[in-house]
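**Student:** Input sequences plus hints: build the corresponding full structure.
Residue numbers (UniProt numbering), protein chains in the order written: chain A, 1 to 401; chain B, 1 to 401; chain C, 1 to 401; chain D, 1 to 401.
Bear in mind the hints are in silico, worked out from the structure with no lab data behind them.
Take the hints with a grain of salt, since some may be wrong.
Unchecked claim - In silico DSS-like pairs for lysine-lysine, Cα to Cα no more than 27 Å straight-line: (1) A:K338 / D:K336; (2) D:K268 / C:K356; (3) C:K268 / D:K386; (4) B:K3 / B:K86; (5) D:K36 / A:K386; (6) C:K138 / A:K397; (7) B:K268 / D:K268; (8) B:K338 / C:K333; (9) C:K138 / B:K338; (10) C:K268 / D:K219.
Predicted, not measured: the structure shown is a model, and the values here were computed from it.
Here is how the chains run, residue by residue.
Protein chains: 4
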Amino acid sequence: MAKVCILGGGFIGRFYADALHGQRSRDRVEVVYARKEETAIRFANDYSIPHYTTSMEEAVAHPETEVVVIALPNHIHEEAVMLCVKHKKAVLCTKPLGRNAEEALRMTKACEEAGVFGGYLEDLCYTPKFLKSLQSIKDGAIGRILWAKSRETHPGPHSDWFWNIEMAGGGAILDLGCHCIEIARNFIGKDIKPVEVMCWADTQVKPIDAEDHAIGLVKYENGAIGQFEVSWTFRGGMDLRDEVMGTEGTIWTNSFLRTGFEMFTTGKGEGGYVSEKAESATGWLFPVGDETHELGYTHMFTDMFNAIEEGRTPQESFYDGYVVNAIIDAAYKSAKSKLWEPVQLPDWRGQEGLQKPSVYQEYDADHWFIKEELLPNGDLKIILKKKESGEIIEIEKLNLK
Amino acid sequence: MAKVCILGGGFIGRFYADALHGQRSRDRVEVVYARKEETAIRFANDYSIPHYTTSMEEAVAHPETEVVVIALPNHIHEEAVMLCVKHKKAVLCTKPLGRNAEEALRMTKACEEAGVFGGYLEDLCYTPKFLKSLQSIKDGAIGRILWAKSRETHPGPHSDWFWNIEMAGGGAILDLGCHCIEIARNFIGKDIKPVEVMCWADTQVKPIDAEDHAIGLVKYENGAIGQFEVSWTFRGGMDLRDEVMGTEGTIWTNSFLRTGFEMFTTGKGEGGYVSEKAESATGWLFPVGDETHELGYTHMFTDMFNAIEEGRTPQESFYDGYVVNAIIDAAYKSAKSKLWEPVQLPDWRGQEGLQKPSVYQEYDADHWFIKEELLPNGDLKIILKKKESGEIIEIEKLNLK
Amino acid sequence: MAKVCILGGGFIGRFYADALHGQRSRDRVEVVYARKEETAIRFANDYSIPHYTTSMEEAVAHPETEVVVIALPNHIHEEAVMLCVKHKKAVLCTKPLGRNAEEALRMTKACEEAGVFGGYLEDLCYTPKFLKSLQSIKDGAIGRILWAKSRETHPGPHSDWFWNIEMAGGGAILDLGCHCIEIARNFIGKDIKPVEVMCWADTQVKPIDAEDHAIGLVKYENGAIGQFEVSWTFRGGMDLRDEVMGTEGTIWTNSFLRTGFEMFTTGKGEGGYVSEKAESATGWLFPVGDETHELGYTHMFTDMFNAIEEGRTPQESFYDGYVVNAIIDAAYKSAKSKLWEPVQLPDWRGQEGLQKPSVYQEYDADHWFIKEELLPNGDLKIILKKKESGEIIEIEKLNLK
Amino acid sequence: MAKVCILGGGFIGRFYADALHGQRSRDRVEVVYARKEETAIRFANDYSIPHYTTSMEEAVAHPETEVVVIALPNHIHEEAVMLCVKHKKAVLCTKPLGRNAEEALRMTKACEEAGVFGGYLEDLCYTPKFLKSLQSIKDGAIGRILWAKSRETHPGPHSDWFWNIEMAGGGAILDLGCHCIEIARNFIGKDIKPVEVMCWADTQVKPIDAEDHAIGLVKYENGAIGQFEVSWTFRGGMDLRDEVMGTEGTIWTNSFLRTGFEMFTTGKGEGGYVSEKAESATGWLFPVGDETHELGYTHMFTDMFNAIEEGRTPQESFYDGYVVNAIIDAAYKSAKSKLWEPVQLPDWRGQEGLQKPSVYQEYDADHWFIKEELLPNGDLKIILKKKESGEIIEIEKLNLK
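**Tutor:** Below you can see the structure in the form of structure tokens.
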């Protein structure tokens with residue numbers, strides 16, 4: 001059983017509390033901190049939490065606090081982590097870990113040096129579909145990974161500080177790209193070094209300073225490509241989709257707008273909350289069965305608390321949060337310089353010196369296989385490359401019946 | 001915290017144990033019973049269960065047993081329930097409750113008279129999609145329910161006793177129809193009386209005595225129609241789909257083959273379990289993220305244990321299991337008699353004497369509204385019925401631009 | 001090149017004219033008849049048709065008329081066909097052929113005796129998806145057909161006469177069921193005799209005399225089942241879906257609401273026609289690329305005119321229209337009698353005396369194969385039936401690693 | 001009626017002939033040229049073409065040739081076009097127009113100066129879904145276009161010359177990217193100038209010199225972004241998807257792998273051609289109803305021949321082919337230089353000097369509107385920006401019931 005302290009009484013704090021108290025959980029939130037007292041009281045009431053406070057340090061230091069969950073705006077993450085380090089409390093921090101890699105590395109090292117558990121609350125790397133996809137990839141079901149694209153777009157976040165570039169540290173890249181980058185990184189392999197980033201970003205619609213739309217490519221040392229597509233200008237709800245291409249297969253997941261749940265309503269009945277970021281409450285709607293679960297919160301906290309109890313590193317640690325921040329830093333640099341920017345990773349803990357594998361498929365002793373295809377008229381074509389000369393030839397098996 | 005005893009060490013027992021011990025659950029299986037000792041030992045080992053036995057009564061009576069979960073073949077349900085009644089242990093029974101309404105009513109009454117909690121483990125009425133659909137319907141999002149179709153088809157069950165009509169008590173109707181009937185009944189309203197049933201059933205493919213394919217219509221007192229489509233001959237995996245039509249909307253859910261998770265594999269990687277009833281391990285596959293959750297086991301046990309702790313009736317009780325059995329009895333009778341057969345419900349606890357509502361939509365003082373449609377050429381047509389004469393007319397608004 | 005006369009200037013006449021003049025067609029509509037002169041003039045102008053008239057016989061007899069296309073309400077089909085017989089003009093009649101089998105048989109025989117070509121305009125048996133499905137079934141891709149379900153539901157037709165039971169001859173069964181019945185009949189085999197029908201029908205919502213919702217089962221001599229689901233009360237647009245189960249496979253087609261074309265719009269742009277029977281113009285919409293083509297009109301007229309030119313019977317002839325009417329007659333009878341009603345086919349031209357095949361799959365010399373399944377824990381189970389004793393057994397291959 | 005000469009007897013030539021002779025077409029192929037006589041003879045036989053030859057000039061100059069359709073490898077396009085110019089025959093050229101912009105501009109100008117009709121056979125800009133999407137966009141249904149992504153990936157082309165970088169002029173970018181670029185360009189607006197391109201390309205799998213996988217971003221003068229994703233390494237069939245984001249909506253189309261047609265087969269029946277680039281013939285398959293139509297060939301030739309007859313420019317002209325080539329040239333340059341490369345368009349015929357529009361949405365006299373969202377607990381949040389100070393604030397409407 002874990003006794004939890006939540007820092008922050010907003011949107012994400014509520015999602016976390018729903019997950020922590022969900023189903024037949026043995027874990028309980030014992031302390032909640034919020035900046036405004038009325039928020040703290042309302043939150044404590046809603047989730048039957050015995051203690052609330054408007055002092056962050058009091059919350060962290062509270063005797064009932066074993067594990068601290070940080071659900072605060074980005075610019076306060078470091079301060080909160082340092083309080084946990086000071087009071088030697090295990091700490092789980094919402095995404096992104098820092099506003100940049102420098103902040104993230106300081107938090108990571110502070111925890112490591114103090115022997116404090118640091119879990120990175122990257123929920124989208126814990127969705128049921130993600131976990132099963134990752135297992136399939138590890139089992140080799142789709143071969144060597146060539147490309148992993150993750151997309152998160154919606155009509156914009158729900159709190160003022162997200163839109164303030166100082167407090168948030170960035171726009172859609174930092175808010176949404178952190179998910180996409182870590183998803184692709186998992187699929188490609190966490191020990192494969194991200195090398196360089198090319199990113200386009202623009203403020204296309206909203207009256208803000210940060211980017212509201214961005215697309216980035218992350219090149220890994222083994223030749224694989226990670227891609228992120230993020231936007232605060234998407235219309236139609238929240239679009240959460242991943243696509244992975246491997247030499248032997250493909251994975252497509254859709255975690256929100258098309259999950260096998262479709263509803264049409266004329267709107268004459270009572271309205272209400274449809275799902276996160278839904279844009280309409282009539283016509284064809286696409287609800288999600290159990291958002292807390294589908295968005296990964298349940299499996300995420302299970303891994304975190306199990307990891308604490310078993311004394312092991314969680315699937316997503318502060319170090320992972322740091323690598324993500326380093327990639328984001330390169331993305332922001334690239335968006336300005338219009339160049340491929342190197343990923344700066346002074347503290348790299350994975351493999352080094354990989355090269356793109358080139359294992360061609362053999363057709364016979366003299367030829368590499370390129371492909372074969374059955375044509376509409378029944379002819380079969382086989383495309384080969386002569387090993388010696390490099391010449392490309394085709395063999396036709398005509399369907400003469 | 002609940003201390004659980006599982007009766008039965010097979011397929012469904014494992015699904016239950018996975019759910020009971022899942023995530024950060026505070027509940028634990030303390031005792032397991034299986035007919036064969038080797039099964040009991042393997043099960044106890046796999047789930048770290050301290051006690052196992054090959055005596056059903058010993059399991060039920062065990063001091064560590066607070067709640068009994070029956071995961072046994074249909075023909076042993078009654079015996080097991082009666083042991084729970086004898087030893088005053090709360091009992092949760094897998095579906096279908098009985099092989100027929102007579103058995104089910106005896107179990108229901110025995111529990112009620114002894115004050116023993118009787119929960120009906122109807123998992124498909126607890127899937128996240130189902131629960132959210134049900135809430136939408138209760139909120140009026142799709143108006144008055146006209147028709148609720150539930151479909152469960154797959155290539156057949158995984159244990160010998162299912163295929164033996166004596167032990168199972170029936171074929172696909174009893175095995176799968178029990179889900180579909182209760183799903184439709186929930187959508188239409190549990191207090192609406194099922195009146196009569198028309199059912200077609202046949203043994204189209206398998207070398208068995210029971211039906212391997214059936215379709216049934218269940219008429220409810222308020223004019224709504226429940227439909228079930230069940231089969232052990234379906235090819236392509238397990239097809240779990242519900243469709244509901246209301247006067248103001250539509251709900252479609254797909255709980256298995258199309259949930260937003262798609263994978264193509266050439267099969268060159270390592271194979272393995274894809275998902276329940278999957279028929280192939282190469283080509284396009286449609287895995288399910290977290291089967292235990294998606295099939296409703298998690299929410300089901302949450303409701304059951306919460307209900308026990310709160311001293312309330314669970315969402316699905318033995319009485320519900322009895323009503324389902326009564327509908328199934330009528331379906332089997334109809335399949336033989338080829339007639340609409342009345343549902344025999346000597347113990348009916350819902351509303352009586354309902355009639356089909358006939359609330360027409362008014363267009364103006366003199367006309368009922370039938371419909372309007374925009375045609376491809378831009379014309380608008382409105383179809384009306386004169387209140388007095390009953391004559392049907394159309395008004396055209398030509399698009400003459 | 002065909003010179004065409006269209007009888008009827010309404011909704012379906014326009015769809016036909018769009019198809020006839022579509023793409024690079026060599027066929028032309030030369031004559032149009034409509035009851036009201038203004039309709040005839042507008043139609044002639046819209047499609048550049050040289051001749052129009054308000055006399056049906058004048059249209060049929062017109063020297064430029066080679067082929068007559070009947071696009072009239074149901075109660076005038078017979079009169080129109082008889083005019084074509086009188087003037088020896090090839091005739092293509094919209095669906096349903098008659099209001100009942102008696103009318104349909106009279107039309108069929110009148111054409112046959114006069115040597116007049118009679119084509120049945122059953123467009124949904126000509127959609128590209130249908131044609132390809134049918135070919136796959138004929139190639140054996142899904143084995144022996146066990147069940148073929150066709151569903152057409154929408155919020156109701158667009159002209160007054162549909163809602164008048166005298167003129168239409170029926171409600172949703174006649175209007176939509178005629179499609180569904182013929183689709184299933186094609187998949188099961190046109191030479192397989194439909195034997196009996198069970199049908200539920202009700203007027204659940206609309207202020208009309210005819211049924212606005214119905215479900216029917218059609219039993220064929222070889223044990224296959226056709227199912228139709230039709231409604232004028234569906235909310236959400238037009239739902240056109242077919243599902244076929246065979247011993248070796250499954251086919252699912254969706255011809256309207258989910259064809260790989262999805263659009264979200266806030267509605268701030270200009271509105272307009274979305275697609276047939278669409279119910280909203282904002283939120284998530286599901287347009288169809290080329291309705292004329294997707295609904296089968298293009299392939300239908302290609303087959304009809306080619307058949308006329310080649311002197312062969314078209315894929316859908318008046319005789320097919322007659323069989324459909326006979327099944328509908330039985331459906332209406334069943335809806336009233338609540339019994340399975342025999343299909344009355346005094347003129348049956350297909351196979352007679354079929355029986356349900358019972359070809360079991362052999363496992364080894366002593367056993368029939370029932371099924372095998374890989375369980376989540378890696379165990380493999382095989383279910384068999386002993387040929388001699390009939391006993392059902394299971395073989396387990398435990399995954400003990 | 002058009003009398004057509006096809007140059008080239010391969011895969012694409014057959015698709016063209018199928019479309020040209022399809023349905024009730026009034027157009028006919030009168031002459032076919034192929035390099036090998038046996039190919040020419042077989043092609044002429046298959047399509048009942050009266051004349052065949054192995055001399056390209058003879059084919060073009062043939063008296064029965066009115067319109068020449070070029071279905072040849074990329075490196076022969078210019079030679080073939082010049083023959084048409086010489087003999088003053090209308091010419092329709094397959095995609096891409098040239099191997100680079102220089103070739104394409106020469107062909108464009110040669111046709112224009114000689115008054116010869118030059119149609120660019122960009123079939124994917126003629127699919128029914130594309131045409132309807134384009135109309136919706138022109139009607140303003142999704143507002144100002146922000147991003148248009150087009151994806152074409154499959155396991156590689158079917159003829160040897162594609163894989164030879166000399167003959168093809170490039171790899172997947174030239175082969176597939178030409179489609180994607182022109183699709184996005186149509187959605188964004190053909191008169192909007194493409195300004196610069198960033199492209200990643202690699203040879204990840206195949207033993208070839210050209211790229212087998214590439215991703216590119218095309219920046220347009222008004223700030224819109226076109227994106228292409230192309231690959232010859234995709235596993236699972238042919239993936240053809242477009243996605244468009246506008247300020248007021250979204251369009252998603254899927255033209256191949258998910259079009260509402262799904263089939264499962266155990267493979268025990270007869271096999272055969274499933275669809276272009278299909279990778280398996282068992283398990284879950286996703287056929288396409290009528291490929292010729294769904295891939296746009298039908299509407300494409302309709303537009304081309306109508307344009308010739310009406311003396312107007314077709315929707316896709318040689319000039320469009322030239323712009324596409326110019327963008328591809330920049331993409332190849334960028335893939336090498338790793339820089340955003342300017343699109344070189346010495347002959348630009350659209351708008352000049354556009355700027356990104358910045359029309360913010362007003363909330364009230366003092367505030368710009370950023371967004372509002374309904375939270376799960378019923379609270380409503382509105383995010384605004386103060387016009388004067390630029391400060392971002394939020395207004396909360398708590399759900400205190």
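**Student:** For a quick check of understanding: which of the numbered hints are violated here, in increasing order?
**Tutor:** 9
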